[in-house]
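Below, each chain spelled out in residue letters.
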Amino acid sequence: MPSTLTEPTDRVDGSGNLPTAPRTPATAGVALRMERTAAQPLAGGDADTDPAAEPAVDLRDVSVYYGSFRAVKNITFDVPPNAITSLIGPSGSGKSTLLRAVNRMNDLIPGTRFEGEVLYHGENLYAEQVDPVEVRRRIGMVFQKPNPFPKSIYDNVAFGPRINGFRGKLDEVVESSLRRAALWDEVKDKLKQSGLALSGGQQQRLCIARAIAVQPEIILMDEPASALDPRSTLQIEELMSELKKNYTIIIVTHNMQQAARASDYTVFMNMGEDRAGYIVERSRTTDIFTNPKHQMTEDYVSGRFG
Amino acid sequence: MQPGASLRRDPSLATALRGTAARHRRERVIGAVLLGAALLTVVVSALIILSLFGGAVDFIRQIDLGTLFADGWYPRRGEFDLKTLVAGSLLVTGIALLLAVPVGLLSAIYLSEYASRRVRRIVKPILEVLAGIPSVVLGFFALTFISPVFVQRLNPGTSDFNLLAAGLGVGILTIPLIASVSEDSMRAVPAALREASYGLGARRLTTSVKIVVPAATSGIVAAVILGISRAIGETMVVAVAAGGSGGAQFTVDPFHQGQTITAAMASLATGTDRVAGATSAFQSLFFLGLMLFIMTFVLNQLGDIFVRRTRQQY
Ligand SMILES: Nc1ncnc2c1ncn2[C@@H]1O[C@H](COP(=O)(O)OP(=O)(O)O)[C@@H](O)[C@H]1O
Ligand SMILES: [Mg+2]
Numbered sequence: 018m019p020s021t022l023t024e025p026t027d028r029v030d031g032s033g034n035l036p037t038a039p040r041t042p043a044t045a046g047v048a049l050r051m052e053r054t055a056a057q058p059l060a061g062g063d064a065d066t067d068p069a070a071e072p073a074v075d076l077r078d079v080s081v082y083y084g085s086f087r088a089v090k091n092i093t094f095d096v097p098p099n100a101i102t103s104l105i106g107p108s109g110s111g112k113s114t115l116l117r118a119v120n121r122m123n124d125l126i127p128g129t130r131f132e133g134e135v136l137y138h139g140e141n142l143y144a145e146q147v148d149p150v151e152v153r154r155r156i157g158m159v160f161q162k163p164n165p166f167p168k169s170i171y172d173n174v175a176f177g178p179r180i181n182g183f184r185g186k187l188d189e190v191v192e193s194s195l196r197r198a199a200l201w202d203e204v205k206d207k208l209k210q211s212g213l214a215l216s217g218g219q220q221q222r223l224c225i226a227r228a229i230a231v232q233p234e235i236i237l238m239d240e241p242a243s244a245l246d247p248r249s250t251l252q253i254e255e256l257m258s259e260l261k262k263n264y265t266i267i268i269v270t271h272n273m274q275q276a277a278r279a280s281d282y283t284v285f286m287n288m289g290e291d292r293a294g295y296i297v298e299r300s301r302t303t304d305i306f307t308n309p310k311h312q313m314t315e316d317y318v319s320g321r322f323g
Numbered sequence: 036m037q038p039g040a041s042l043r044r045d046p047s048l049a050t051a052l053r054g055t056a057a058r059h060r061r062e063r064v065i066g067a068v069l070l071g072a073a074l075l076t077v078v079v080s081a082l083i084i085l086s087l088f089g090g091a092v093d094f095i096r097q098i099d100l101g102t103l104f105a106d107g108w109y110p111r112r113g114e115f116d117l118k119t120l121v122a123g124s125l126l127v128t129g130i131a132l133l134l135a136v137p138v139g140l141l142s143a144i145y146l147s148e149y150a151s152r153r154v155r156r157i158v159k160p161i162l163e164v165l166a167g168i169p170s171v172v173l174g175f176f177a178l179t180f181i182s183p184v185f186v187q188r189l190n191p192g193t194s195d196f197n198l199l200a201a202g203l204g205v206g207i208l209t210i211p212l213i214a215s216v217s218e219d220s221m222r223a224v225p226a227a228l229r230e231a232s233y234g235l236g237a238r239r240l241t242t243s244v245k246i247v248v249p250a251a252t253s254g255i256v257a258a259v260i261l262g263i264s265r266a267i268g269e270t271m272v273v274a275v276a277a278g279g280s281g282g283a284q285f286t287v288d289p290f291h292q293g294q295t296i297t298a299a300m301a302s303l304a305t306g307t308d309r310v311a312g313a314t315s316a317f318q319s320l321f322f323l324g325l326m327l328f329i330m331t332f333v334l335n336q337l338g339d340i341f342v343r344r345t346r347q348q349y
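From first to last, the protein sequence lines are chains A and B.
If you're matching positions, the first sequence starts at 18 in our numbering and goes up one per residue.
If you're matching positions, the second sequence starts at 36 in our numbering and goes up one per residue.
Simulated from the structure, these hints should not be mistaken for laboratory data.
Zero decoy hints are in this set.
Taking lysine-lysine pairs in the DSS-like style, the calculated list, with each CA pair at most 30 Å apart, reads:
{"id": "1", "chain 1": "A", "residue 1": "K205", "chain 2": "B", "residue 2": "K245"}
{"id": "2", "chain 1": "A", "residue 1": "K205", "chain 2": "A", "residue 2": "K186"}
{"id": "3", "chain 1": "B", "residue 1": "K245", "chain 2": "A", "residue 2": "K186"}
A partial selection of chain A residues facing chain B, derived with a Cβ cut-off under 7 Å:
{"id": "4", "residue": "L125"}
{"id": "5", "residue": "V150"}
{"id": "6", "residue": "R153"}
{"id": "7", "residue": "R154"}
{"id": "8", "residue": "M158"}
{"id": "9", "residue": "N164"}
{"id": "10", "residue": "P167"}
{"id": "11", "residue": "G177"}
{"id": "12", "residue": "I180"}
{"id": "13", "residue": "V231"}
For each residue, glycine too, the CB sits at the ideal point set by N, CA and C.
Let the sequences and hints guide you as you build the complete structure.
Here it is in C-alpha cells:
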C-alpha cells in the first residue's frame, strides 16, 4: 500500500495530484454535450452569491411529482461552488425530494415526474439525451442511513472507480479517498474487513469515501448525521468543511445548529396548503440565522414551529 | 402512609392470582398435543430410517456382493450395479442444473431488478403454473417433444429414450423453484444498497450483478441446493423419458438410455422390475432408498455449511 500521498488541497481536475477517474473529454462530452471547463458563466445568479463564480448547479422552476401529488413546486435557486448549501425546513417539505432531483435519483422511483430544469455548467440535466448514469457519476450522494455494501472496506471504496472503468492505481484512489473522508488512520490496517463491521459514524465516513472515490464535482448529503451520535456528527461536520475545498456540497438537515455551524448558504423550505414544498428564503447562512428576511424563517430557525 | 398498611392481605386476590383450574388443564392439554405432534414427526422419521436400514441390511445379506458391481442395473437378472444408477442420477441432475440454474437465476434477476410491477404481476403466476405441471406430463413432453425436436436433431440416431431429454425435462421442472427462491432473496436485499450503487453511477446490470446477487448469495445457494434435491429426487420424468425400466447398461453418455436411483425404485416398487419368487430385487429398494437418503442428507448439510459461511448480514 503506497503511503506517500500528500493531502491534496486543490480541486481535482485531471492535472492535480490525485489519480483521476476516467472522465475523458470524449465520454464526458458525449454524455453531457459540454465540458465542465468549457461552460460559460451563467447570468442572473442570486444577489447573495458572488456573481463572478459560476454556480455548481442551478435549479430553475423545479417541480417534482409522485404520481399526481406535487411534492415540491417552482423551486429556483443556484448552488455556489466549493461551498456548503444546506436545505432546512419542516419534515415533509420536500427537502429529500429536491435533493434527489439534482442527480436524478428520483428517476428510480416509479411514478415520479419532473418539471423545470437543473442546469449543470449550462447543460440541462433533464434534457432528453442526458443519461442519468452520467449525471450520478458527477453528482454523488450520501444517504441518511449509512449504507455500506456488504463487502470489504477496500471494495466499498473501490466499487465506484471499478464500475467506471478506472485504469489507474486503485490502491491510491482508495487511500486518498479514505484520507479525505478522515477514515484512513482508523481502517488502514483492516481494509479487508467488512464495511459493516465499522461503527455507525465510521460507516458514514466510509460512504463519504466511497462517494469521493468516483471524484464527483458535487456531493449531495441527505441528513448524513441524523443516525449518528454527537461525536460522530461533529466529525462529519468537520469533514464537510474540509471537503468543500474540493467539492460542492448540498446537505439536507433537520438540525438547525448543524445548518448554522456547517453551511455557507441556507435554503429554507416550507410547505403550502397543498402540502407542496416551496422556498421561503435562501440566503447566506449567517443572514438566515441572524437577519432573516421573512417572519416565517425567523419563527422556524428560532424553533417556534416545525 | 404506614408501611404496615400495605401488608394487609386480600384473600380473594391470592385466589385470583392462582388462576382457574380449567385454564391450567387446558394449558397442559395444549402442551401435550404439541409435544405429541413433535414426537410423531420424530418417531415417523426414525421408523423410516430404521426400516431403510433393516431392508438394506437384509438385501446385502441376501445377495452376492459382486452383483453390486456388474455391467448394469438388471434386477431381474440379479445384477445390481450401483454405479449405473449413481451415474444416471448425477447425469440427469447435472443436465437439469445446467439448464435450470442459469435460466432460473436470469429470470430471478429479471423479475427482481428489471420487471415493472405490472409485468411481475403477470409473469410470476405463469412461473407458478410451470411449477404446478405434473411431472408425468413433463416426462411425456420430454419423450415426445424434447427428444425428437432437440436431442435427436443434435445427435441423429439417438433412441427416443435418452438421459439428455430426461435431464432437460427435470431441468424445466426445476426452473420455477430456483427462480422463485432466488428472486425472494434478491428482493430481500435492502433498497438502500441499490440506491448506493446507482448513486455511484452504476447501471442496472452492474447493480444487479455486483451488488444484488452477491448480497443474495446465501438465498441463491439455498435455491440451487433445493434445485439439486428436487432434481435428484425427480422420478416420473426419468421413468417416462430415460428408457431405463427393465434395466440399463452402465453409461455416462447422455444420448444413451439410462436409469436413475429414483426411477429404478419406482420400477421396483410398481413391479415392473420384479420377478416372482426373487425377493432380493424388491429388497434392493430399501438399499437404494438409503443411498438416496444419504446423498440428500449430505447435500443439505453441505448446503447449510455454505449458506452459513457466505451469509451476509445487511
Ligand atoms: N416515494 C414516494 N412516494 C410518494 N410520496 C413520497 C415519496 N417520497 C416522499 N413522498 C412525499 O413527498 C413529500 C416530501 O417528502 P420528502 O422529500 O421526503 O420531505 P423531507 O425530506 O423534507 O422530509 C412528503 O409529503 C412525502 O410523503
Ligand atoms: Mg428527508
